[in-house]
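*Asks:* Using the sequences provided together with the hints, build the complete structure.
Going down the list, the sequences are from chains A and B.
Quick note: the first sequence uses our numbering, first residue 300, plus one each step.
Quick note: the second sequence uses our numbering, first residue 12, plus one each step.
Do not rely on the hints blindly, as some may be mistaken.
[What the hints assert, rightly or not] To list a few chain A residues with every Cβ distance to chain B over 12 Å, as calculated:
| hint | residue |
| --- | --- |
| 1 | E304 |
| 2 | K351 |
| 3 | G500 |
| 4 | E550 |
| 5 | E604 |
| 6 | S609 |
[Unchecked claim] Reference excerpt, derived from the structure (chain B facing chain A, CB under 7 Å, subset only):
| hint | residue |
| --- | --- |
| 7 | R161 |
| 8 | P162 |
| 9 | T181 |
| 10 | I183 |
| 11 | S218 |
| 12 | M219 |
| 13 | L222 |
| 14 | N270 |
| 15 | L272 |
| 16 | V273 |
| 17 | A275 |
| 18 | G294 |
| 19 | V295 |
| 20 | T296 |
| 21 | S297 |
Just so you know, these hints were derived from the structure itself, not from any lab.
Being a predicted model, the structure only gives us computed values, none of them experimental.
Using N, Cα and C, we set each Cβ at its ideal position, and we do this for glycine too.
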Amino acid sequence: MIPKEVLEIADGIKTMRIRGASLIAKSAAQALRIAAERYSGDASGFKPYITKVANLLLQTRPTAVSLPNAVYYVLNRTLSSSVSEARETAIRSSDEFIRMVDESHRRIMEYGSKLIQDEYVVFTHCHSTAVVDIILQAFREGKRVEVINTETRPLFQGRITLRELAKNGVKVTHVPDSAVRHFIKNANIVIVGADTITSDGYLVNKVGTSHLALAAWEAGIPFYSAAEFIKFSPASLEGGEVVIEFRSASEVLDIYPGGLADELRRLGVEVLNPAFDFTPPELITAFITNLGIIPPQLSVLIIKEMFGFSTGRIQLTVLEELV
Amino acid sequence: MKKEGVWFLTAQWTGATEAAMVFLDYMKKSLSQTKSMKELYANLASLARRFYEERPTSALLVNTIKKLAIRALELRDRSFDEALHDLLKLIDEEVDYSRRSVDELAQLASRRIPDDSVVLTHSYSTTVIKTLSLAHEKGKIKQVFVTESRPGGEGLHTARALSERGLKTTLITDSAVNYFLDKVSLVVVGAEAITANGALVNKIGTSMIALASYHRRKRMIVLAGTYKFSFETVYGELIRIPEASLDLLGFPKDLLYPNVLVKAPLMDVTRPQYIDAIITEKGVTSPAGVPLIIWESLSGREELRTMSIHQVLSLLEEKAR
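*Replies:* So, in structure tokens, the structure goes:
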């Protein structure tokens, strides 16, 4: 019997009521903790039970990297402990994981803000809580930091970034995505967030990130991505592919008034709307992680340190069954 | 100004060639209503100035204004009837010449498109649409990717035009270009202006596409008749880039904090190094060959070279006073 709260969390992740990598990860760990706490059967039944809960959680959004990272962090430790200690281990490791996520966010803020010098102009894309917090941290330290940010079509997440920075007093210049190369010369540093990072150092992030990286590279401006350990993909170590989500055409077309959008639909014009793109390691100066500033080629270190190499195979096997 | 229809120059769904046609059309109507030389100069000056202010980047517009203005100044000692007749004839000739050049260019360019091409294009260009349609009739095009082309979204108009002509058309956001470049075999764009050093001035986003395609070893060709060459830049004139309004961006007013600046230039500049070829109505050239073509097409028209648009406009305004 799986507790109601656990089912609610699973549903929240599935319907994207719970969104953002950190929140998804923490909620999943929290769900496992609740499931362990409420377990009233005998000790020998606990491991199969928690595995069932883990599978339920994994099925909600199999492509969100932070979710399996949270689930396996708890599950691996639970399954390798003795029968009598399994329940206790599940609770302890869930707490530990949630603490680590919070801790890693604080560290990234601290390390990232050191990269911003006085009078720096930071260029960013889309919306990333880590990036906003890094910039606000530098701003609070008294650095006169300014920001250039993109609208981020099709959903305009750049406007969220704009609001969070502007209401706190940071000066922001807001530009269309097409103007990235035109304005990059006015920036000193690029900092973006991360959706997923592969073991060979590729950054998967909001579509358009690779443009910003390329323009920064051409202009000789350093390009950083702020990424908690939960963004690194152990499955990629085993050759697991990162699947790019394609979203609906109406996200692109709906802002156009009048009959134009309808006409395109009637004509059968295809609209392709990928949510993310790949930025290759050679265009990335470094990742800002909870373990410090690391070059993209060293992504594998984070995977080893935080999850252990063996997690990759387990994650991949289960994910392949699910997707 | 919006009421009279000039607005659609900055609303951007007009390509540069179309914009110049609109200018000539307006000019013809406006000049036909004049009754004296002074009036003729006045109307010519005010309409030329208004169009130039709306779209200072368009080399075709600048060149057309200069041609008309210089002829009008040459006609100052002639009778009003003679001058008017001469200018209206020149306008007709210009319209005719532009149409013919676009056709010739498109024929030539469609030959340069290889079989099984997957083309990426940006913004809206009548020349590009004509060229791709011709290439499609020859069965050379597999698919065309069209960018939305913010701000303005005129890529939607391009997608409509191509789709109506039977091409398999895919619309993507400006940010998704690099993601789809793997599938693209050729990038084809139009031009607002070509400068003396072979750089391309075109809708904002063009230079990002050029950089990405250069980086990915995809060829990029620019379709630009010699009438798109900016003769002024040979003499160091800079091209001023206009910006889109907040309305065009649909920017929410509640985000206009005092410390927020919204910047949306309509054009950017693409380095000649990223351009594989420029196709004109006279033939295919490299960006390095541009000065030669500029010189060639100006032979015998010294005044077109040596006078800047600013000089021409103030001379006209002087005559109108």
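*Asks:* Any Cβ of chain B at or closer than 12 Å to E604 (chain A), or is the non-interface label fine?
*Replies:* It holds; E604 (chain A) is separated from chain B by about 31 Å at its closest Cβ, greater than 12 Å.
*Asks:* Can we trust that E304 (chain A) is non-interface, i.e. its beta-carbon lies farther than 12 Å from all of chain B?
*Replies:* 37 Å, holds
*Asks:* Just to be careful: measuring from the Cβ of T181 (chain B) to every Cβ in chain A, is the smallest value less than 7 Å?
*Replies:* 4 Å, holds
*Asks:* Grab the minimum C-beta distance from R161 (chain B) to chain A and call the hint holds if it beats 7 Å, violated otherwise.
*Replies:* 4 Å, holds
*Asks:* Over 12 Å to the closest beta carbon of chain B is the bar; see if E550 (chain A) clears it.
*Replies:* Non-interface label on E550 (chain A) violated, nearest chain B Cβ at 9 Å vs cutoff 12 Å.
*Asks:* The hint names T296 (chain B) as touching chain A; please verify it with the least Cβ-Cβ distance against 7 Å.
*Replies:* Since the shortest Cβ distance to chain A is 25 Å, the answer is violated.
*Asks:* Close enough to count: is the Cβ of S297 (chain B) nearer than 7 Å to one in chain A?
*Replies:* At about 21 Å, which exceeds the 7 Å cut-off, the nearest Cβ of chain A leaves the hint on S297 (chain B) violated.
*Asks:* Does N270 (chain B) meet its interface restraint, that is, does its C-beta lie within less than 7 Å of any C-beta in chain A?
*Replies:* Holds, about 5 Å.
*Asks:* So S609 (chain A) supposedly isn't at the interface. Is its beta-carbon more than 12 Å from every beta-carbon in chain B?
*Replies:* The claim stands: S609 (chain A) keeps its Cβ more than 12 Å from every Cβ of chain B (closest is about 33 Å).
*Asks:* Given I183 (chain B) was flagged as interface, is its beta-carbon under 7 Å from a beta-carbon of chain A?
*Replies:* Holds: closest Cβ of chain A sits about 5 Å from I183 (chain B), inside 7 Å.
*Asks:* Does the closest beta carbon of chain A sit nearer than 7 Å to the beta carbon of L222 (chain B)?
*Replies:* 6 Å, holds
*Asks:* V273 (chain B) was flagged as interface toward chain A. Is the shortest Cβ-Cβ separation under 7 Å?
*Replies:* Holds - the Cβ of V273 (chain B) comes within 7 Å of chain A, reaching about 5 Å at its closest.
Figure legend: structure checked against the earlier numbered hints; hints not met, in rising order: 4, 18, 19, 20 and 21.
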